[in-house]
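> The listed protein sequences derive, respectively, from chains X and L. Residue numbers for the first sequence follow the working numbering, beginning at 9 and rising by one. Residue numbers for the second sequence follow the working numbering, beginning at 9 and rising by one.
Worth flagging that the hints you see were computed from the coordinates, not collected in a lab. Take these hints with a grain of salt, some might be off.
[What the hints assert, rightly or not] Pairs of lysine-lysine, PhoX-like flavour, derived with a Cα cap of 20 angstroms: (1) Lys81/L / Lys81/X; (2) Lys72/L / Lys26/X; (3) Lys81/L / Lys284/X; (4) Lys72/X / Lys18/L; (5) Lys81/X / Lys284/L; (6) Lys72/L / Lys72/X; (7) Lys72/L / Lys81/X; (8) Lys72/L / Lys18/X; (9) Lys72/X / Lys26/L; (10) Lys72/X / Lys81/L; (11) Lys240/L / Lys18/X; (12) Lys218/X / Lys170/X; (13) Lys240/X / Lys18/L.
[To be verified] Residues from chain X that keep clear of chain L, each with C-beta distances beyond 10 angstroms, as calculated: (14) Thr14; (15) Thr47; (16) Lys48; (17) Lys51; (18) Tyr82; (19) Asp102; (20) Asp103; (21) Thr151; (22) Lys195; (23) Gly198; (24) Asn209; (25) Gln241; (26) Lys257; (27) Leu262.
From the three backbone atoms N, C-alpha and C, an ideal C-beta is built for every residue, glycine too.
Protein chains: 2
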Amino acid sequence: MSFTTTAEIKQFQGTLYKLAHESTTTKTKMEVNVFVPPTKSSKKTPVLVYLSGLTCTPNNASEKSFLAYFATKYGFAIVFPDTSPRGANIAGEDDSWDFGTGAGFYVDATTEPWKNNYNMYSYVHKELLTELAKHFTDLDFKTISITGHSMGGMGALTGFLKNPGTYKSVSAFAPISNPSTCPWGEKNFGNYLGEDKEQWNQYDPTYLIKEYKHENQPTILIHQGTDDTFYKQKQLQPENFVEASTGYKGGVKLNLVDGYDHSYFFISTFVEEHAKHHAKYLGLIE
Amino acid sequence: MSFTTTAEIKQFQGTLYKLAHESTTTKTKMEVNVFVPPTKSSKKTPVLVYLSGLTCTPNNASEKSFLAYFATKYGFAIVFPDTSPRGANIAGEDDSWDFGTGAGFYVDATTEPWKNNYNMYSYVHKELLTELAKHFTDLDFKTISITGHSMGGMGALTGFLKNPGTYKSVSAFAPISNPSTCPWGEKNFGNYLGEDKEQWNQYDPTYLIKEYKHENQPTILIHQGTDDTFYKQKQLQPENFVEASTGYKGGVKLNLVDGYDHSYFFISTFVEEHAKHHAKYLGLIE
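Next comes chain X alone, as it looks inside the complex:
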């Protein structure tokens, strides 16, 4: 379905587009922000997808991550999807900040009453990117990488590992790395996917990296603050992901950064390193 533009904002010599469309996957109206940098060459512009964490809309990272500054510097576009359907009008979807609205968990739900709308996995990796490629013909949706924060870090890792060869590179800020074994994951997977743990594994980066066989094995970059409350509560567990990655040739570079929390103050500090990481795999720098 085609997009309507709700705002067009100039920033860093590029443009932030705020768009809305009717999604056939979530059967709701969905919003998405896309930052397009100024054109540097006649080549199409590569794309970085940024998946946000719990409670976020496309606006939080657009306003607070500072990623667009480096997108202009290196020459890639950014897609900021929403984190769940909104307005599906399912009883209970607004009851909890860490489940339902704002917490789609980037899965395709298989249970009632969620399976009709809560299909953020297919929405992000299939419908949205396909539709955006038709809308933004100057962007190169074949040269694309993915990153994200917290729940979105999980979504980025999962999306990379489940779609071998689609994303040139992946990185994550404080990702929920082993959702099958943490309270957030148990709550969301239990509700969206039911009791079958084999289904949970299909969205668990720590499970998926053991199974990954594709030749595209870029280094996976992760930053995790040591003063992050959710890290201390073992919601994130990046060490489990690293342990499971022994067979992954590209390697996982986990940076435990002293004293940083879970907020956009943490993200904006390390976004430069992630932007540079992706710029390399997107062919923008050596």
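For this one, chain X is given, so just place chain L on it according to the hints.
Leaving out everything else, chain L in the frame of chain X:
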């Protein structure tokens, strides 16, 4: 009065302190954010004051301006004051988004019922900086510059011009440049200062620059977006300030930037240039 620390957040290798204190000037509790960059040398760290616009708290610019990224790069601290007293409990102070709470206009009120609390001019330029110098003994409050956005851009220009030699340099993002002749200024000056236009002049950058005689005449840097709604409505009028500055030897460099609006997307785009401008006058770069 001494400060209590309500949060201490690591960002860009430095620390953002969220502080609160009881102000003797506003006779209310006041909040302020201070970003301290990592120490680069044994010298005390210079300071840049950032005055925010209508409706803002100290948090908006702390989260959205990205000034701290460049503060770490160049080695200056940032002080983000609040924009008005809060909780003065004056009838009518919360009725309007552009007057009262969140809109102190950086003046010392002379009218009832405002003059007991609404003294943001003296609060910022006298009490706050004096008290912060006692609290942060590693910061150099004698090597200090000032900037701001919209109402805060006016506050920065006014503070610089009314305190000759105090601030090494000044800059502004979309400042209210001639408040005596625009709707926002008429509303706020009328309420806080009464009908005497001579009092209004004492807070009007376009009046004050004509009177300025001090030898400290750094170039004044201003950015203004051409798609800024308030610029189009003639609330800002930077051209009036430029016209009035013919006797100012440092000159005013007004950059009209095509297509930018009044938001933090505009500020964050040009904050790099302003940071560099101040770093030069603060003796941090050539």
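> Between the alpha carbons of Lys72/X and Lys81/L, is the straight-line distance 20 angstroms or under?
holds, 19 angstroms
> For Lys72/X and Lys26/L, compute the direct alpha-carbon distance and say whether it is at most 20 angstroms.
holds, 18 angstroms
> For Leu262/X, is the shortest CB-to-CB distance to chain L above 10 angstroms, so the non-interface label stands?
holds, 18 angstroms
> Mind verifying the non-interface call on Lys51/X? Its CB should be farther than 10 angstroms from each CB in chain L.
Given that every Cβ of chain L is farther than 10 angstroms from that of Lys51/X, nearest at about 24 angstroms, it holds.
> For Lys72/L and Lys26/X, compute the direct alpha-carbon distance and say whether it is at most 20 angstroms.
holds, 18 angstroms
> Taking 10 angstroms as the cut and beta carbons as the points, is Gly198/X off the interface with chain L?
holds, 33 angstroms
> Quick check for students: does the CB of Thr151/X sit more than 10 angstroms from each CB in chain L?
Thr151/X is indeed farther than 10 angstroms from all Cβ atoms of chain L, at 26 angstroms.
> Any Cβ of chain L at or closer than 10 angstroms to Lys257/X, or is the non-interface label fine?
holds, 32 angstroms
> Gln241/X clear of chain L by more than 10 angstroms, beta carbon to beta carbon?
At about 19 angstroms from chain L, Gln241/X clears the 10 angstroms cut-off, so the statement holds.
> According to the definition I'm using, a residue is off the interface if its beta carbon is farther than 10 angstroms from all beta carbons of the partner; does Thr47/X meet that for chain L?
holds, 15 angstroms
> Would the non-interface assignment of Thr14/X survive a Cβ cutoff of 10 angstroms against chain L?
At roughly 14 angstroms from the nearest Cβ of chain L, Thr14/X sits farther out than 10 angstroms, so the non-interface label holds.
> Say whether it holds or is violated: Lys195/X keeps its Cβ farther than 10 angstroms from all Cβ of chain L.
Non-interface label stands for Lys195/X: nearest chain L Cβ at 28 angstroms, farther than 10 angstroms.
Checked against the numbered hints above, the structure violates none of them.
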